[in-house]
Amino acid sequence: MQEPQFVLPEQRPAWQQLLLRWLISSLGIFAAVGIVPGIEFSGPGWHIGIVALVFGLLNALLRPLLYLLTCPLVILTLGLFGLVINAVLLGLTSALADQIGIIFRIDGFWPAFWGGLVISLITTILSFLAGDTRVQVIRVPPPQQ
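When the sequence shown is numbered by this note's numbering, its final residue is 145 and no position is left out of the sequence of numbers.
Mixed in with the good hints, there may be bad ones.
Unchecked claim - With beta-carbon atoms standing in for the labels, derived distance ranges:
id, residue 1, residue 2, range
1, Arg63, Leu129, 37 to 47 Å
2, Ile35, Ala60, 18 to 28 Å
3, Gln144, Ile35, 47 to 57 Å
4, Gln145, Pro37, 57 to 67 Å
5, Val140, Arg105, 46 to 56 Å
6, Gln11, Asp107, 34 to 44 Å
7, Ala60, Leu83, 14 to 24 Å
8, Gly38, Ala14, 29 to 39 Å
Honestly, the hints are just simulated from the structure, not real lab data. Just so it is clear, CB atoms sit at the ideal spot from N, CA and C, and this is done for glycine as well.
Hey, can you work out the whole structure from these sequences and the hints?
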């Protein structure tokens, strides 16, 4: 029996991937503002894009360090502590947005926690639908006896 052949689509240029992730992150933050009580945003729509840019920069710069420092907790909780890290980064994003004059407020830890969860779910789903996340299934044949 012949193995099926899969052709992977061509990868987008780096600038397109970056722009797509930024837009998806903006939509995730927009959804969190609409869904989670305790997360407020006021201002022109393009300010959400600035918030998404700040959130992306914090994720790129601080997330690896936070995961490294809290590695035992992440392992002990089977990765669920990552949601707490996401909440902390979302709170930092709110504080930085306030510093640059953007009204993006989070009223405590729990709105940040649920907002981080909503943003994660939305960005994961939209990244998958946009083809930005690759899913590959590998079939391993059983050992021959």
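Hints, one by one, checked against the model:
1. Arg63 with Leu129: 37 to 47 Å: 23 Å, violated
2. Ile35 with Ala60: 18 to 28 Å: 25 Å, holds
3. Gln144 with Ile35: 47 to 57 Å: Between Gln144 and Ile35, where Cβ atoms are some 52 Å apart, the hint holds.
4. Gln145 with Pro37: 57 to 67 Å: Because 59 Å falls inside the window, the suggested range holds.
5. Val140 with Arg105: 46 to 56 Å: 50 Å, holds
6. Gln11 with Asp107: 34 to 44 Å: 41 Å, holds
7. Ala60 with Leu83: 14 to 24 Å: 18 Å, holds
8. Gly38 with Ala14: 29 to 39 Å: Holds, at about 36 Å.
Of the numbered hints stated above, the single one contradicted by the structure is hint 1.
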